[in-house]
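Taken in order, these protein sequences are the chains called A and B. Residue numbering for the first sequence follows the numbering used here, starting at 1 and increasing by one per position. Residue numbering for the second sequence follows the numbering used here, starting at 1 and increasing by one per position.
Note that these hints are calculated values from the structure, not bench results. Backbone N, C-alpha and C define an ideal beta-carbon position, used for all residues, glycine too. Any given hint might turn out to be false.
Under the rule of at most 35 Å between Cα atoms (straight-line distance), these lysine-lysine pairs were calculated in the DSBU-like manner [as the list claims (entries may be wrong)]:
hint	chain 1	residue 1	chain 2	residue 2
1	A	Lys178	B	Lys29
2	B	Lys226	A	Lys313
3	A	Lys375	B	Lys80
4	B	Lys233	A	Lys415
5	A	Lys236	A	Lys183
6	B	Lys126	B	Lys80
7	A	Lys216	A	Lys76
8	A	Lys303	A	Lys390
9	B	Lys4	A	Lys303
10	B	Lys4	B	Lys184
11	A	Lys412	B	Lys29
One side only, chain B facing chain A, incomplete, derived with CB under 8 Å [as the list claims (entries may be wrong)]:
hint	residue
12	Tyr22
13	Trp34
14	Tyr35
15	Asp64
16	Asn68
17	Gly117
Here are the in silico distance ranges between beta carbons for each label pair [claimed, not checked]:
hint	chain 1	residue 1	chain 2	residue 2	range
18	B	Ala236	A	Asn37	43 to 49 Å
19	B	Lys184	A	Pro393	39 to 45 Å
20	B	Asp225	A	Ile416	52 to 58 Å
Next come the chains, spelled out residue by residue.
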Amino acid sequence: MSKPLVTILGKTVKNIAKLHGGGSALPGLVVERIDPNFIKSTLANLPQGVVVISGTNGKTTTTKMVVELLEGQGLKVFTNKTGSNFTRGVAAALLGEIDIKGQLHADIAVLELDEAHAVHFVDKIPPRHCLILNVMRDQLDRFGEIDNTTSLLQQIVNATTDKVVLNREDTRIANIGKSVDDKKVSYFGLQDNLLTTFPSDDNLHADNIKIDRSIKADVILSEFSDGSASFLIDNKTISTKLKLTGIYNIFNAAAALALVRAILGKAVDQTKLINSLSKVTPAFGRGEKLIINGQTLELILVKNPSGFRLGLKSFDPSSYATMIAINDNYADGRDMSWLWDVDFSSLQKNGVSQISGVRAYDMALRLQYDDVSIKKVEPNLKKAINQFIKTDPNKPKRIYCTYTAMLAIRRKLNKITQVEAIK
Amino acid sequence: MKDKIITILHLYSNDMNIYGDYGNVLTLKRRLEWYGYCPEVINYNQGDKFPDKVDIIVGGGGQDSGQNKIQADLLLIGPKLKKLADNNTPMLVICGLYQLFGNFFKTADGQIIKGIGLFNIETFAKSERLIGNIITHSEDFGDIIGYENHSGQTFLGHNVAALGRVRLGAGNNTLNISEGARYKNVIGSYLHGSLLPKNPMIADFLIEKAVINKFGRFDKKIIDDKYVEFARKTAAKRPR
Chain A
1 MSKPLVTILG
11 KTVKNIAKLH
21 GGGSALPGLV
31 VERIDPNFIK
41 STLANLPQGV
51 VVISGTNGKT
61 TTTKMVVELL
71 EGQGLKVFTN
81 KTGSNFTRGV
91 AAALLGEIDI
101 KGQLHADIAV
111 LELDEAHAVH
121 FVDKIPPRHC
131 LILNVMRDQL
141 DRFGEIDNTT
151 SLLQQIVNAT
161 TDKVVLNRED
171 TRIANIGKSV
181 DDKKVSYFGL
191 QDNLLTTFPS
201 DDNLHADNIK
211 IDRSIKADVI
221 LSEFSDGSAS
231 FLIDNKTIST
241 KLKLTGIYNI
251 FNAAAALALV
261 RAILGKAVDQ
271 TKLINSLSKV
281 TPAFGRGEKL
291 IINGQTLELI
301 LVKNPSGFRL
311 GLKSFDPSSY
321 ATMIAINDNY
331 ADGRDMSWLW
341 DVDFSSLQKN
351 GVSQISGVRA
361 YDMALRLQYD
371 DVSIKKVEPN
381 LKKAINQFIK
391 TDPNKPKRIY
401 CTYTAMLAIR
411 RKLNKITQVE
421 AIK
Chain B
1 MKDKIITILH
11 LYSNDMNIYG
21 DYGNVLTLKR
31 RLEWYGYCPE
41 VINYNQGDKF
51 PDKVDIIVGG
61 GGQDSGQNKI
71 QADLLLIGPK
81 LKKLADNNTP
91 MLVICGLYQL
101 FGNFFKTADG
111 QIIKGIGLFN
121 IETFAKSERL
131 IGNIITHSED
141 FGDIIGYENH
151 SGQTFLGHNV
161 AALGRVRLGA
171 GNNTLNISEG
181 ARYKNVIGSY
191 LHGSLLPKNP
201 MIADFLIEKA
211 VINKFGRFDK
221 KIIDDKYVEF
231 ARKTAAKRPR
């Protein structure tokens with residue numbers, strides 16, 4: 001089938017799927033079946049090539065940051081902003097952007113890819129640049145061991161043609177760097193005193209953290225507080241205000257800066273770069289704020305121990321009503337063990353108003369062992385949301401939720417208030 | 001309170017903790033508190049001095065790399081662990097340490113990783129990974145509910161009792177329905193989830209043995225286990 005034909009067909013499926021409120025990946029799947037080279041042929045001619053962002057935590061928000069930083073430098077950027085980070089999600093996103101002849105009008109593609117899918121992707125389309133954020137215990141029911149996940153990330157690095165940006169503070173990721181030519185790799189990192197705030201997986205239960213400072217980092221997060229951060233770049237401290245919430249997002253800002261510096265080299269406009277960063281807002285479900293009955297409601301996606309830990313550290317529970325929703329569908333991970341690697345004692349003082357999701361009682365049990373009081377447990381998400389909103393009408397609210405629980409909650413909230421549509 | 005101290009030793013807490021094994025330590029600690037005892041947790045890692053007196057030992061699963069890091073040290077303390085086991089010290093070892101409490105682990109390329117031989121069991125690396133929800137049944141503990149994720153398959157020697165018989169899932173291996181192993185008060189299992197929070201009868205077994213060993217008697221109190229009942233019911237209905 002000719003490319004324009006595939007394009008028209010794909011766009012049609014996309015429109016039909018949209019009418020039915022369907023998932024973002026279906027049209028991509030259709031196109032992929034008809035023309036397996038669709039993505040490759042569309043992305044092949046971009047002047048600045050393809051950038052792949054992968055790792056366990058923070059892919060979506062970091063990708064959003066990198067896109068906005070590059071746009072701030074005057075580039076036209078294509079990205080898979082649906083958060084559908086499988087190959088077919090990329091195909092679906094392409095369908096929305098290409099013209100009827102199948103041409104993509106962009107300078108560069110910045111793609112968030114799930115570790116396992118990234119391997120297949122880079123096999124077909126070697127990226128010019130890649131950024132590897134971290135590797136944490138997550139979806140072990142899919143990947144088996146963290147070391148297996150690391151080897152997938154290694155393959156992304158191996159396939160990258162120009163420059164690789166790595167997390168210096170994650171031992172497994174920094175080790176990948178040892179296999180790469182020094183000129184090809186740059187790092188982002190943390191000032192020593194911040195290391196305990198962002199423990200890598202090896203340090204999750206460690207009493208003291210070993211520091212190896214033999215590697216020099218291009219961008220270092222040196223300080224942060226609520227709403228601002230300082231970075232050490234070229235031996236200069238640069239401070240900026242931030243709209244991003246969540247301390248995990250702030251470390252990833254260092255990653256995004258390092259990546260853009262690697263892509264643009266000397267051409268980078270540092271002032272514009274920091275200015276763009278100060279305007280970036282969180283991606284959907286990553287600390288986004290909604291308004292329900294005049295009160296803010298924050299949705300915080302949690303999917304693995306380190307993400308949940310950093311979420312709890314980022315947001316002060318006092319004066320808030322807190323809800324936790326845990327599902328165990330395939331996309332969430334079926335194994336509940338991960339809840340036991342999260343420390344919930346920060347919730348002791350204020351307690352939790354509502355627990356929900358398929359595995360609500362696993363969560364309740366977990367909180368019982370951390371002496372956190374619970375007002376209500378209701379596995380049914382629709383009922384739980386109603387109860388949660390009614391119970392504390394005068395308090396701002398916060399919901400920690402797994403991926404499929406978040407989708408269900410957004411659907412339910414959409415009926416009550418205007419929730420930003422997932423494009 | 002000082003006369004009511006129970007010491008829990010967490011074996012290789014840094015390198016063998018992959019699937020929420022910390023939950024087992026926390027469960028023992030909290031339940032001991034709820035029963036009116038004063039738990040004390042010692043983290044033991046390779047190279048540390050092995051404490052003179054311990055009442056319960058807990059160890060978890062690791063990745064292959066974690067197993068390599070601790071194996072030499074484990075062989076060093078092996079005789080001490082065996083002596084403690086023979087003196088009826090209760091222990092719980094999950095996944096990786098369960099395998100290394102056996103005679104050996106044979107890797108895919110035929111390499112033999114020696115274990116301490118506390119259990120007369122043998123483990124062989126297989127290409128298929130056994131992953132999913134699992135339910136087993138034991139005469140002593142009833143239904144045991146958890147999650148398994150392992151590529152090693154374990155075979156019990158003669159006269160070694162299994163912990164349970166598999167009702168859903170794989171267990172020790174794909175050839176028979178045994179899951180885990182027991183020797184005196186030592187329990188080995190592939191189940192995490194974590195095991196003890198969702199299976200408080202096993203936690204209470206370990207606690208009771210430790211308390212009786214130390215103080216001669218155990219006064220059991222009623223603990224509020226309402227959430228665990230619901231959590232078990234939900235888990236039992238979930239797909240593999």
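Verification of the hints:
Under the criterion of a C-alpha separation no larger than 35 Å, the hint pairing Lys178 (chain A) with Lys29 (chain B) is inconsistent with the structure, at around 42 Å. Restraint check: the Cα-Cα separation between Lys226 (chain B) and Lys313 (chain A) comes to about 29 Å, which is no more than 35 Å; the hinted pair holds. Distance restraint check for Lys375 (chain A) and Lys80 (chain B): the Cα-Cα separation of roughly 47 Å exceeds the 35 Å cut-off, and the hinted pair is therefore not satisfied. Proposed proximity of Lys233 (chain B) and Lys415 (chain A) is supported: the alpha carbons are some 32 Å apart, at most 35 Å.
About 22 Å separates the Cα atoms of Lys236 (chain A) and Lys183 (chain A), which keeps this hinted pair within 35 Å; it holds. The straight-line distance between the Cα atoms of Lys126 (chain B) and Lys80 (chain B) is roughly 31 Å, inside the 35 Å bound, and the hint therefore holds. With a CA separation close to 31 Å, the supplied pair Lys216 (chain A) and Lys76 (chain A) stays within the 35 Å bound. The hinted pair formed by Lys303 (chain A) and Lys390 (chain A) meets the criterion: a straight-line CA distance of about 27 Å does not exceed 35 Å.
Between Lys4 (chain B) and Lys303 (chain A) the CA atoms are separated by roughly 39 Å; this puts the pair beyond 35 Å, and the hint is violated. With a C-alpha separation of about 24 Å, the suggested pair Lys4 (chain B) and Lys184 (chain B) falls inside the 35 Å cut-off, and the hint holds. A threshold of 35 Å between alpha carbons decides the hint, and for Lys412 (chain A) with Lys29 (chain B) the separation of about 40 Å lies outside it, so the pair is violated. The interface hint given for Tyr22 (chain B) is met, as the beta carbon of that residue sits about 6 Å from the closest beta carbon of chain A, less than 8 Å.
Because the smallest distance between the Cβ of Trp34 (chain B) and any Cβ of chain A comes to about 10 Å, over 8 Å, the interface hint for this residue is violated. Given hint, Tyr35 (chain B) at the interface with chain A, is violated; its Cβ is 14 Å from that chain's nearest Cβ, farther than 8 Å. The beta carbon of Asp64 (chain B) comes within 7 Å of a beta carbon in chain A, closer than 8 Å, and the hint placing it at the interface holds. A distance limit of 8 Å between C-beta atoms decides the matter here; for Asn68 (chain B) the minimum to chain A is near 11 Å, and the interface restraint is violated.
This hint is violated: Gly117 (chain B) has a C-beta 25 Å from the nearest C-beta of chain A, more than the 8 Å allowed. Range check, Ala236 (chain B) to Asn37 (chain A): Cβ separation about 47 Å, and the 43 to 49 Å hint holds. For Lys184 (chain B) and Pro393 (chain A), the Cβ-Cβ distance of about 58 Å falls outside the hinted range of 39 to 45 Å, so the restraint is violated. Separated by about 36 Å at the C-beta atoms, Asp225 (chain B) and Ile416 (chain A) break the suggested range of 52 to 58 Å.
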